[in-house]
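A.B. asks: Working from the sequences, and respecting the hints, build out all of it.
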Amino acid sequence: DVKVTQSSRYLVKRTGEKVFLECVQDMDHENMFWYRQDPGLGLRLIYFSYDVKMKEKGDIPEGYSVSREKKERFSLILESASTNQTSMYLCASSLRDRGGGGRHFGDGTRLSIL
Amino acid sequence: RKEVEQDPGPFNVPEGATVAFNCTYSNSASQSFFWYRQDCRKEPKLLMSVYSSGNEDGRFTAQLNRASQYISLLIRDSKLSDSATYLCVALDPSWGKLQFGAGTQVVVTP
Chain A
1 DVKVTQSSRY
11 LVKRTGEKVF
21 LECVQDMDHE
31 NMFWYRQDPG
41 LGLRLIYFSY
51 DVKMKEKGDI
61 PEGYSVSREK
71 KERFSLILES
81 ASTNQTSMYL
91 CASSLRDRGG
101 GGRHFGDGTR
111 LSIL
Chain B
1001 RKEVEQDPGP
1011 FNVPEGATVA
1021 FNCTYSNSAS
1031 QSFFWYRQDC
1041 RKEPKLLMSV
1051 YSSGNEDGRF
1061 TAQLNRASQY
1071 ISLLIRDSKL
1081 SDSATYLCVA
1091 LDPSWGKLQF
1101 GAGTQVVVTP
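Heads up: the sequence lines are chains A and B, in that order.
Going by my numbering, the first sequence wraps up at 114, each residue one higher than the last.
Going by my numbering, the second sequence wraps up at 1110, each residue one higher than the last.
Hint data in this document are derived by calculation from the structure and do not stem from the laboratory.
Treat the hints with care, as some may be off.
Subject to a maximum C-alpha distance of 20 Å in a straight line, what follows is the list of computed SDA-like cross-link-like pairs (lysine to any residue) [said to hold, decoys possible]: (1) B:Lys1002 - A:Lys18; (2) B:Lys1045 - A:Gly102; (3) B:Lys1097 - A:Asp59; (4) B:Lys1097 - A:Asp51; (5) B:Lys1045 - A:Asp51; (6) B:Lys1042 - A:Gln6; (7) B:Lys1002 - A:Asp59; (8) B:Lys1002 - B:Ser1026; (9) A:Lys57 - B:Ser1094; (10) B:Lys1045 - A:Asp107; (11) B:Lys1042 - A:Leu11; (12) B:Lys1042 - A:Ser49; (13) A:Lys18 - A:Pro61; (14) B:Lys1002 - B:Asn1065.
Between beta-carbon pairs, the in silico distance windows are [to be verified]: (15) A:Ile60 - B:Pro1008: 16 to 26 Å; (16) B:Lys1045 - A:Phe20: 18 to 28 Å; (17) A:Lys53 - B:Asn1065: 37 to 47 Å; (18) B:Ser1094 - A:Leu114: 32 to 42 Å; (19) B:Ala1017 - A:Tyr50: 19 to 29 Å.
Every residue gets a Cβ at the ideal spot worked out from N, C-alpha and C, and that includes glycine.
C.D. replies: Right under this line is the structure:
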């Protein structure tokens, strides 16, 4: 069974801090994704990666960056956290050629920026 | 305008009853559609894909109406365990990006 593990379930940080959210998958998936989920807005794609050291902007990349140094790990970085980045963050992975049915999600990180 | 729109609900359904709800999508080029289920404070999980001819998986039936650009989900003989938020998803064909709806909440009551 595919396991996508996010480093924290709940996280509280302060405005201006640099925040790291870590995601690890154990099924050798090529694709990895970071979403944020907000009430009434659904999941929105922040960044994704189709290979090691490769990254592409999603719909809302502003204020975020990512790192994929190893295939199994995809990190989301909030360069200088702001209160409007308070949200639920979901990491997902999939095989290269799998479409929407192949997304496996982590449990999510509920991030609060004070 | 959102790419995928859903009625947020909640749809309150007595146990054993049938419930159905739709979602609309704006990109007429979308070819693939999915329903994901998300339990409270949990991650989304794939419920079923939606095929052009419609498909059924046990008590769940998904339909696609390309002319009107909507997909539907019907749940028969509702169980308490069906209480969840159902996310409608369309695959953008240009680069394989998923567009998620905000979800429809279903609450099955005893």
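A.B. asks: Does each hint fit the structure? Answer for all of them.
C.D. replies: Structure-based check of all given hints:
no.: 1; hint: B:Lys1002 - A:Lys18; in the structure: violated (31 Å)
no.: 2; hint: B:Lys1045 - A:Gly102; in the structure: holds (10 Å)
no.: 3; hint: B:Lys1097 - A:Asp59; in the structure: holds (10 Å)
no.: 4; hint: B:Lys1097 - A:Asp51; in the structure: holds (16 Å)
no.: 5; hint: B:Lys1045 - A:Asp51; in the structure: violated (23 Å)
no.: 6; hint: B:Lys1042 - A:Gln6; in the structure: holds (12 Å)
no.: 7; hint: B:Lys1002 - A:Asp59; in the structure: holds (12 Å)
no.: 8; hint: B:Lys1002 - B:Ser1026; in the structure: holds (8 Å)
no.: 9; hint: A:Lys57 - B:Ser1094; in the structure: holds (15 Å)
no.: 10; hint: B:Lys1045 - A:Asp107; in the structure: holds (10 Å)
no.: 11; hint: B:Lys1042 - A:Leu11; in the structure: holds (16 Å)
no.: 12; hint: B:Lys1042 - A:Ser49; in the structure: violated (23 Å)
no.: 13; hint: A:Lys18 - A:Pro61; in the structure: holds (16 Å)
no.: 14; hint: B:Lys1002 - B:Asn1065; in the structure: holds (18 Å)
no.: 15; hint: A:Ile60 - B:Pro1008: 16 to 26 Å; in the structure: holds (21 Å)
no.: 16; hint: B:Lys1045 - A:Phe20: 18 to 28 Å; in the structure: holds (26 Å)
no.: 17; hint: A:Lys53 - B:Asn1065: 37 to 47 Å; in the structure: holds (42 Å)
no.: 18; hint: B:Ser1094 - A:Leu114: 32 to 42 Å; in the structure: holds (39 Å)
no.: 19; hint: B:Ala1017 - A:Tyr50: 19 to 29 Å; in the structure: violated (44 Å)
In summary, the structure is inconsistent with hints 1, 5, 12 and 19 from the numbered list given earlier, while agreeing with the others.
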